[in-house]
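A.B. asks: Each protein sequence line maps, in turn, to chains A and B. Numbering of the first sequence is given in the numbering used here, commencing with residue 1 and proceeding in unit increments. Numbering of the second sequence is given in the numbering used here, commencing with residue 1001 and proceeding in unit increments.
No wet-lab data here; the hints were simulated from the structure. Each residue gets a CB set at the ideal place from its N, CA and C atoms; glycine is no exception. Treat the hints loosely; a few may be bogus.
Some chain A residues close to chain B (C-beta under 7 Å, calculated; not the full set) [as the list claims (entries may be wrong)]:
#1 V110
#2 K173
#3 S195
#4 S251
#5 P417
Number of protein chains: 2
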Amino acid sequence: MDKNHPRTGDMAPEEFRQYGYKVVDWITEYLMHVEEYPVLSQVSPGDIKSKIPTQPPQKGENMADMIRDLDEIIMPGITHWNHPNFMAYFNSTASAPGILAEMFSAALNVNGMLWKTSPAVTELEDVTLDWFRQMLGFPKDFWGIIYDTASVSSMHAIAAAREQAVEFNFRQKGMAGRGEVPRLRLYCTEHSHSSIDKGALAMGIGMEGIRKIPVDGQFRMIPEALQNAIEEDRGNGWYPFCVVATVGTTSSTSIDPVDAIGDICNKENIWLHVDGAYGGVAAVLPEMRTIFKGIEKADSVVVNPHKWMFTPIDLSVFFTQKPEVLKRAFSLVAEYLKTGEGSSVQNYMDYGIQLGRRFRSLKLWFIIRYFGVEGIQNRIKEHLNLAKWLKEEMAASPDFELMAPVPFSVVCFRFHPDPVKDVQRVDELNEKLMNNINATGELFLSHTKLNNQLVLRVAISGIRTERHHVEKAWKLIRQKSQELL
Amino acid sequence: MDKNHPRTGDMAPEEFRQYGYKVVDWITEYLMHVEEYPVLSQVSPGDIKSKIPTQPPQKGENMADMIRDLDEIIMPGITHWNHPNFMAYFNSTASAPGILAEMFSAALNVNGMLWKTSPAVTELEDVTLDWFRQMLGFPKDFWGIIYDTASVSSMHAIAAAREQAVEFNFRQKGMAGRGEVPRLRLYCTEHSHSSIDKGALAMGIGMEGIRKIPVDGQFRMIPEALQNAIEEDRGNGWYPFCVVATVGTTSSTSIDPVDAIGDICNKENIWLHVDGAYGGVAAVLPEMRTIFKGIEKADSVVVNPHKWMFTPIDLSVFFTQKPEVLKRAFSLVAEYLKTGEGSSVQNYMDYGIQLGRRFRSLKLWFIIRYFGVEGIQNRIKEHLNLAKWLKEEMAASPDFELMAPVPFSVVCFRFHPDPVKDVQRVDELNEKLMNNINATGELFLSHTKLNNQLVLRVAISGIRTERHHVEKAWKLIRQKSQELL
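Only chain A is shown next, with the shape it has when bound in the complex (with noise of 0.2 Å):
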């Protein structure tokens, strides 16, 4: 092949072949070695950037080249989410079966946006997410739709909340300049993730239209200052129109309980949309369907198999009771979007913000079939069981805290040797202990507030995270912990 040549066509079918063997290999030694990588990239700003050149070429390049500075210049600027000492955020790791599927999905290349653009794309989604509504036992009207990120998701509700206050019109008259409509209200809490406040802003909420319920001392919001807050809000002349509790926050995974915010929701008719992204998915087991006690309640939800159920991002499910109010918050029929089935096929390009849509469905398919309920139940018991070791293991030294309850596999704790009084100083500490676990390149740790107080992060959700991997991490923290005296 010459080097120079320009191309016209596509790739050969045979060099496609060629490379496609060499790619697969790639990823087969990187699934075998990946722990030999740092977790968090070492690079500094502009190291990868410095070496990519400022100008694309004019004449078409080899593949092998390619391939090579993907090695060479790209995987030192990667972040290992597959690494299974990968512990910051939520996780997110690649299972084979989803690499798999993920490959089928960008060679069909194929977009869902009507039906007819591939009826397999709808079809597939139809069940997948049905069977998915089965492994976390929510009630049969649960109607599912997938889209790429929770924050898509959640936005989504909001604009089915907004739409549902039909008397106001929004859809036909918008929502500013009218004073004779009143300012919209929606409830969550401090803990409830950052993409609920940004979902609100894009849906003209305003921050003032944002009202953070208080919460209990294990970060719950507290039902009764939510029915507080909803009546003196109507006392002034606010509009109560969407609640957002939260099945594992991002913080501290705590639990709203949704039970008794679904009673209030109901009967002050307020949308609730419940935000599962990471929490969620422990549903598939029976003993943790408790996390989800009222869900019948809610009018929406929102569950991401890319968080904890071992599919490569970005796969989102958005499951509501309601998509009629979805449908007529965002169906827009072009004429060159018209198809001849009419209503005997669902569009779901009419419910939804995006008209493209990815084959993202058959990921969903193959990881469900390759594990079995059975194999991912085991997977998430597991975790769950590492995360109540882990918390037992920091409970039972007298140089670390708990900071909060640990109903997932998420531990939140802080390095706090008896000496150390002044609070600032112990931020302080555990601040410098993450950034030195981080460097090591062993281990990915991840910070947040929890009143007010610097705490840290072990969240242990990745397919390939095994006992040893958790051991590992919490000799390391008390490694570097000890290092800091």
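Given chain A, put chain B in place with the hints provided.
C.D. replies: Only chain B this time, still in chain A's reference frame:
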């Protein structure tokens, strides 16, 4: 491997390699034989769903069984966007380097929400978007970000336009229930894509807040009509905040005069967003750069490599001269997302609704490098030539009429045999013609309406579409039209 063995860990690496090779072989065969499939899936509603169990498997299944089911159940329900005779909508074809890059992205499975969470994702996005900017001839100060779809890109443009009206402080106070602020108006034409309307609805603008500006005989926005509308609206208390011009409309690929519209927007201090999702890619040809004349007056523009630049779905590029306004609209940094790099790095999560971000720039990098700028230019030029050829064939044929100019690679036409004078009868004939053609599986066309008449569209933009495919399409169109008489 025991078929019924419950799995807890991931697939063994050697099993991944084995099936990875199989999938590569599958894709190779698929790319070689894609023309042998019917372009448009020929299944009926429910056909696919009826073949899939209604409950998820409890035990893990074999990968081989899943690939067999993909062949037997899924493939009949695929409409082949990669087929060289997929000429409906705007095509989207997956090139081999794009597929290979998607394999790497799926395996690495990183989330580029923060610089830190994979510096290479942020820095490669930065570099490749600057390459793409240069390829399109856009000014230096166009800053870029990758979103999933043009719908989301344009929604962000509308959000930034709304944020630019800082005097109303929508970010803080929200939009509803505020009689002291004016109603907002967005301007586009009836030929703008439906995603503009959807984005405006999502942003709380409402249908009445969308004013469709009249078009000329070639379906292009009339700048004087825009100027008059803005003045009239201001006089009536509206607040004009956003204009959307389209370079390559969906129905007819008409080109709104960006230069003249830009003058009006700059003078009136209104955000100008340019939707070049499909047509914009043509600007890689220097002789086509006139389509974007005046682009330096625009605040933002969207161009989709996943439409006409051989990139597997999804990858939409959004450029703006005012990233700080976009950031003000969307930046919200939760404690758990704070990192130590400060302003020395760019965190793309600050510029959008989505926190989760796949490693999309990798495919753009691979595609630009593999084909080179010249390779991409040659392919685009060939598509323009093929469309010109088809246009001339139709112009010379007494039974057909061209319904719009052909500035890009889409030909809008009608079968209009001389004896048929009744307008409705011509619509029916053409609808039947389209359905008959699509039912053959040899070619997939779509329709639109122009001047209230049903019009058929041939879009030529697949990487595997050669002259003989266009000749075949034209032959089939003539043959099926003759059969109708």
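A.B. asks: Using 7 Å as the Cβ threshold, decide whether S251 (chain A) counts as touching chain B.
C.D. replies: Interface hint status for S251 (chain A): holds (6 Å vs cutoff 7 Å).
A.B. asks: Against chain B, is V110 (chain A) within 7 Å by beta-carbon distance?
C.D. replies: holds (5 Å)
A.B. asks: Taking the least C-beta to C-beta distance, is P417 (chain A) closer than 7 Å to chain B?
C.D. replies: Result: violated, 23 Å to nearest chain B Cβ.
A.B. asks: Can we keep the K173 (chain A) interface hint, with Cβ of chain B closer than 7 Å?
C.D. replies: For K173 (chain A), the interface hint holds, since the closest Cβ of chain B sits about 5 Å away, which is under 7 Å.
A.B. asks: Can S195 (chain A) be said to touch chain B, with a Cβ gap under 7 Å?
C.D. replies: holds (6 Å)
Checked against the numbered hints given earlier, this structure breaks only hint 5.
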